[in-house]
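Student: Put together the whole structure using the sequences plus the hints.
The listed protein sequences correspond, in order, to chains A and B. Each residue of the first sequence is one higher than the last, beginning at 11 in my numbering. Each residue of the second sequence is one higher than the last, beginning at 29 in my numbering.
These are computed hints drawn from the structure, not numbers from a lab. Since the model is a prediction, treat every value here as computed from it, not as a measurement. Cβ coordinates follow ideal geometry from the N, Cα and C atoms, glycine included. Misleading hints may appear alongside valid ones.
Stretches of chain A that chain B covers, calculated by requiring three or more beta carbons in the stretch to come under 8 angstroms of a beta carbon on chain B [said to hold, decoys possible]:
(1) 90–99
(2) 103–115
(3) 139–151
What follows is a list of derived Cβ distance ranges for each label pair [unchecked claim]:
(4) B:D51 - A:L56: 52 to 62 angstroms
(5) B:A132 - A:A58: 21 to 31 angstroms
(6) B:G156 - A:L25: 17 to 27 angstroms
(7) A:L25 - B:R49: 55 to 65 angstroms
(8) A:L236 - B:R163: 17 to 27 angstroms
(9) A:V127 - B:R49: 41 to 51 angstroms
(10) B:R163 - A:P60: 30 to 40 angstroms
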Amino acid sequence: MSAPSLLAAARAQALRDLRLVWRRRGDAAQPLLFALMVVALFPLALGADPQQLARIAPGVLWVAVLLASLLTLDTLYRSDVEDGSLEQMLLAPVPLAWLLAVRVGVHWFTASLPLVVVTPLLAELLFLPADLLPVLMASLLLGTPLLSLMGAVVAALTVGIRRSGMLLALLALPLFLPVLVFGAGSVMAAAQGLPWIGALLLLGAGLALALVLAPLAAAAAIRIALN
Amino acid sequence: MTTPPAPDAPLLLARGLGFSRNDEPVFGPLDFRLAPGEALLVLGGNGAGKTTLLRVLAGLLQASAGEVELSGRPVDRQHLARGSAYLGHLHGHKADLGALENLAFSQAIQGGGGPGIEAALAEVGLAGHEDTPARRLSAGQNKRLALARLRLQGAPLWLLDEPYANLDLDGIALVNRLIQGHVAEGGSVLLTTHGAYAAPPVPVRTLTLAAARSPA
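Tutor: Shown next as structure tokens:
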């Protein structure tokens, strides 16, 4: 029997996941609506004073994106566990970590990237100064894949637990804290005219590390969780 | 460590294989061998550990005692994955995808030496359902789709957990036909069943699992 090639397996995994998202494209809009609503809550609660909103905008936008991507984490493996697909991925000759890396990549592309894309709109709602937008976008582009990768490890740990939504959030949020601190912090620093590139570099370094380690950790966690 | 397997080595060999969960034995210790072209029927009541045994052999669970050899070589994950195909209680395909799409994915990650995808679908009686999403297939048809995946993989060892569940008489005959064909090609099958309502039409040895714990 012929051994599957890594590239063909990755392409098949990506194609499968994209198809699945496309068949349920209604669900894909939910994180966007959620982030929009979270952002809309702040002017309602604090009053529509542009200066005050502009001051908190970087933090609010980052928290909204972080919470929205947290909510999508539960779906990362749920259906694959329930229908046995994950078992078959586990048994395949192709390393599970490789398949998971593709899986997380597609998840980021379909769940987090749209959030980043609509961020300029959300930023407009909170009167974020236009010169801060590039910094915010850069921090989100580096930070959201990092959130997806770390979230994939935590979600893998809770794979064996039935109603794991709240547990997942409790486990993931502490890990997300540094990303939030550096991500929102870079924009805050830029707003005060301080150097902001360092925080972005740290996010980039974290992303490079997570790209290599997170799929391996997630694969190990799934093996343990399903045991 | 590249000694070639002895030519007369059994396809599957288990020595003192046992599994315990929280120090309570689920099954074992078991000794058995499965030669190429042989089928082994694992019998036992509910809770006797049939599914657990298959999951251990498939590499989904780690045995707590004993060892397993595949073609004379101690089992490692890579070797196991290439050498065996597993059909569990869950079908292992996506409800939102069509039969063809599901099998194409499986072939890409599992590799395959069996017939083409369409031939495998025709063989299990799903010709004409190539693009039907699996959610619109009946339980029996879903089982057939999972059987097509098995056929496609072309692995020498089949681990089948209750393959007769959910199938009509036609389906039972189909499972038997597939097993017969696989065994005729020199493959081996290890299957579980809790009832004797269906048995493959090939020489079968049986392995009976007694409940490891007597009911309190």
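Student: 21 to 31 angstroms was suggested as the range; check whether the CB atoms of A132 (chain B) and A58 (chain A) agree with it.
Tutor: 53 angstroms, violated
Student: Verify the coverage statement for the stretch 103–115 of chain A against chain B, using a C-beta to C-beta distance below 8 angstroms and requiring 3 or more qualifying residues.
Tutor: This one holds; 3 residues, not fewer than the three required, reach chain B with a Cβ under 8 angstroms.
Student: Range first: 55 to 65 angstroms. Now tell me if the beta carbons of L25 (chain A) and R49 (chain B) are that far apart.
Tutor: 38 angstroms, violated
Student: Cβ-Cβ distance between L236 (chain A) and R163 (chain B): within 17 to 27 angstroms?
Tutor: 24 angstroms, holds
Student: Between D51 (chain B) and L56 (chain A), is the Cβ distance one that fits in 52 to 62 angstroms?
Tutor: 57 angstroms, holds
Student: If you look at each residue in the stretch 90–99 of chain A, do at least three have a Cβ nearer than 8 angstroms to any Cβ of chain B?
Tutor: holds (count 7)
Student: Between the beta carbons of R163 (chain B) and P60 (chain A), is the distance compatible with 30 to 40 angstroms?
Tutor: 50 angstroms, violated
Student: Quick one: are G156 (chain B) and L25 (chain A) within 17 to 27 angstroms, going by C-beta?
Tutor: Holds, at about 24 angstroms.
Student: When you take the CB atoms of V127 (chain A) and R49 (chain B), is the distance between them in 41 to 51 angstroms?
Tutor: 48 angstroms, holds
Student: At a Cβ distance under 8 angstroms, does chain B reach at least three residues of the stretch 139–151 of chain A?
Tutor: With 0 residues closer than 8 angstroms to chain B, the stretch 139–151 of chain A misses the three-residue bar; violated.
Hints 3, 5, 7 and 10, counting from the list given before, are not met by this structure.
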